[in-house]
Structures are given as C-alpha cells and as structure tokens.
Amino acid sequence: MKQFSRLHPVVLFFYFCAALGVTMFCLNPAVQIISLGGALLLNLIVDGKPKKRRFLPLLMIPLGGLLNPVFSHHGQTILFFLNNNPVTLQAIYYGLNMGGTACAVLFWLSCFTQIMSSDKLLCVFGRFSPKLALMLSLILRFVPLLGRRSRESREALQAIGLFREDNFFWKLRSRVRVFFAVATSALENGIIAADSMEARGYSVGRRTAYSVFHFSWADGVFAFVSAAALGVVLIVLRAMQLDFYPTVTLKGSPVACGVGLAAFALLCLLPGALQGIAGLVRKRNIRRSLAYGKEAETA
Amino acid sequence: MKKRLLKILLPAVFLPLTVVLGAVLLREKYYAFAILAVLLLTVLFFYSGFERKKVTSRRLVVVAVMTALAALGRVILTPFPGVTPITAFAALTALSLGGEAGFMVGSLAALLSDFYAGQGVWTPFQMFAWGLTGLFAGLLAKQLKNNRVLLVIYGVIAGVAYSFLMDLWSVLWLNGTFSLKLYAAALVTSLPFTIIYAVTNTVLLLLLVKPFCKKLDRIKLKYGL
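Those sequence lines, one after another, are chains A and B. Take the first sequence: its letters are residues 1 to 299, numbered as in the working numbering. Take the second sequence: its letters are residues 1001 to 1225, numbered as in the working numbering.
FYI, nobody ran anything at the bench for these hints, they're computed from the structure. Note that CB positions come from ideal geometry on N, CA and C, so glycine has one too. Hints may contain errors.
To be verified - Derived coverage of chain B by chain A (criterion: at least 3 residues anywhere in the stretch with Cβ under 8 Å from a Cβ of chain A; other residues may be distant): (1) 1063 to 1076; (2) 1145 to 1151.
As the list claims (entries may be wrong) - No farther apart than 35 Å at their CA atoms in a straight line, the calculated lysine-lysine pairs in the DSBU-like style are these: (3) B/K1142 - A/K131; (4) A/K131 - B/K1053; (5) A/K120 - A/K131; (6) B/K1215 - A/K131.
Claimed, not checked - Every beta carbon over 10 Å from chain B, so not counted as near; a handful from chain A, in silico: (7) F14; (8) T113; (9) A183; (10) W217; (11) L269.
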C-alpha cells in the first residue's frame, strides 16, 4: 500500500486538477460538502496537528451567505427589505454555496501546497518546458544560497565593525549594505555558473528533464480509479447542477445526480482513506517488528 | 515593429478587456474561473515564447538571480503585511534587460515566493499582475531610467493597479459574479494596503534604481548579455 503523498507527481497533479475542477464548476451544495469533507480529511491526516488558524477559511461560508443577498436581489422568496432592496432566501443559499466553493478550493489548495513540493512540480512541468524547469530549479537553489551568503557577508561586516545595530539608522544601513554586497556577488557568481553550464553543453541539443520518480502499479491503479470516477461525474455533470433563481431546482434527474455524487464522493475520499490506511498499516508493522524484537531479546 | 506592438497589445490590452467585458456582459456564474483560465493562458503564452527563444545561459542566470532576490525579499518581509519588493525588482530588471525579462522576474518570483507564503487561487493573479509591472517598465525603460519623477509615478501606479486587480479577484472569488458596488466596497477596505503598496514601490525603486542599474549595466557591458 502506497501513501497518497508518495504517488507519482503526474498522478497527484491530475488528481488535484480533477477534484478542484469539479468543485469549482459544479453548483450544488452536496458537491461542496463532499469536497470540503475530503479536503479537510486529507488536510488533517497530512498535517497531523494543524493550527486553529488553518480553519479560518471556513468563515467564508457565512460571509458568502451574508454578502450575496446584500448585492444580489434575484429569487422568489423575499424575507425582508434592506434599504428598499429585497433580501431573498435564494440569494442567501447562493451566497452560502459560493462561500462553500471558495472554502473547499482553499482547503484543496492547502493540501496541494503541502503535498506537491517544488521538486514534484518540477517533475510535472519539466516535461513540457525543460527551459522553464531549469530556470525554476536555478531559482530554487539561489533562494537558500543567497540566504546563506547574506549571513556570511553579515558576519564579515560585523568582524570589521561595519555591521552595527546601535540605532534604527545603523540597523537599516547595515542591512542595506549586506543586501547590496550579496546582490553584486550573486550576479557575478551567476555569470560563472552560466559559463560552467555552457562548458558542460547547455546550448548543445535539446534539453530533457530528469525525474527521480517512478511510475509503479499503485500509481496506475490510483490514476485509473480517479479517472473513472471523474468520467462518471463529467457524464452526469449537467444533471448535478442546481438552479438557484428564481427558486432552487435540480436541473436533471435525481437518480443521475445521486450517481454523480457517489462517484464524486469516491474521488474526494480516496486520498484521505489511502493516506490514513497506509499510515495505520505502517504503524502496525513497526509495532509488530518492535514486539518481535523484544520477544527475540527475552528469548 | 507591428509584430512587437501586437505582442504587447495582445496580453496587456485585449486579455484584460475580455475579462472585464465578459464579467459585465455575460450572465453566467463562472467569471472567476474563466478569468483564472485567461490569466493562466496569458502567463503560459509568455513562457512558451521564452521556451522557444534562444536565451543565452548568462542572461538566463542573471534573470534567475534577480528572481531569487525578489522572492527572498518577499519571504523576509512577510512579517510586514503588504510590503513586497517584487514590483521593484521586476521593474529594475526590465530597465536593464528588457520587458520580457521583467515579466519573467515578476511572475516567477510570485510563483516561487508562494511556495513559502502559500499557493492559492490568487497565485495566477499575482503572477499576471507582477509580470505586467515588469513588462511595462521594460517598455518605458528609457524614460524611467533618467527621470525620477516618472519613476515615482510608475511606482504609485503599479501599486494602485496591483491593488485594484487583486480586489477584482476577491470580488469575483467571493461573489461568483462581478458587482460594481461590492468592488467599490472592496477598494475602500483595501485602501491602507493600496497605500502601502504604492509607498513600498516608490521607496524601493528610488533607493535601488541607481545601484541596480549600475550593477546590471556593468554586468551587461562586462560579459556582453
């Protein structure tokens, strides 16, 4: 069993696109709730102990419900009048739904940020655009390198007494001095790096991308299952849409909608389940091997 | 010249126009996503041009260094909300190396610093906004380089435009449709941020323009970029 976060980057990217796409383009509160549930589950499992601040986007749901009726006056059921403008029940529903969409997308993206690290993204995009991938990996190397250089430069300046923190003016001046020193040296060293790239055949022939990730059977199975679920959802997508104005009505047949929702639930809960079960199996195996070790010791 | 003009007009004028027209005229619910798609396409359009072009390794690395400096600056300055050096760096790069390099610095710095600050649906918007800042600075390079007053005006306009664009995004994102009233409300609430953006841009541009143009021009002269 493979954990979700260890699947092949292309599979992961496809999965996130599918989940995000359906969440964004399907106007149906059930879809939003399922999507939110799946994203939250994955978030909790990947993150372990998330901070309370991470759940702040949930506030977007009531915010959407409050804001939309103020600015939109479509809908049949008028609740009351605000500044001579009708506040309708349908507008509140629509606002809640939009808030739910926004919130679910944010949670999916938070999973995306945690799981798709920069090396995985490079693996995905390196195929399409090797030069851009090269540029990105150069920058990704430069960011920590420049941080290190600025520490060194600061220590050197401190040693000769030019880096002082006596007052605000000196603090600022010292930092600016470090910054300029680092910028100049980075540009100069960059040229050297470029020459060394050139010497190793940068401009000779077509660039290809190297990837450390291997496509295993687990990746294939996961990709197949999620693609199948996405296919079902796409076939019945029109039937799953809700009309909010003038009254809330389902566009297609309830059966088709139910099938679509079931497929979407499978799609959304799959990674959380996979990550959770694989984690539990791993823990059990570790416990067993520890117990076995103890037995061996006492025997 | 004609080709160049089209290349500039297409992403800088027609696409935003499509976005605004689409938001006002269309009676559908998915502008936010349509716009997201348009922005991603625009950025990809630029990147594909970059992919096809023969870029010397020296130029590539210099642009990468400037992007890294911008991204690092944003990461370091995260404790101060609204203060980011990306606009300034995109513009500075564009002054010496041209608009396309400026676009690359602005958009890639946005993308990469969001690895630290958190990726989101706003990432394409930031990439687009900061990229354009660099592109326009490249177009006006001659004037901006020699005139401090114009530079200040540019910094202020870039900050205000960035804030307006991001507010457009928040309205579409929360509401699903464009609403002028909601947009106005969003503009008013984000006024402090608009001011911070404008001030940061101006101060950084004024501080950095001379030393950085000197550094980049020197590298250009010394190594022939």
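| Tell me, which hint numbers fail for this structure? | 2, 8 and 9
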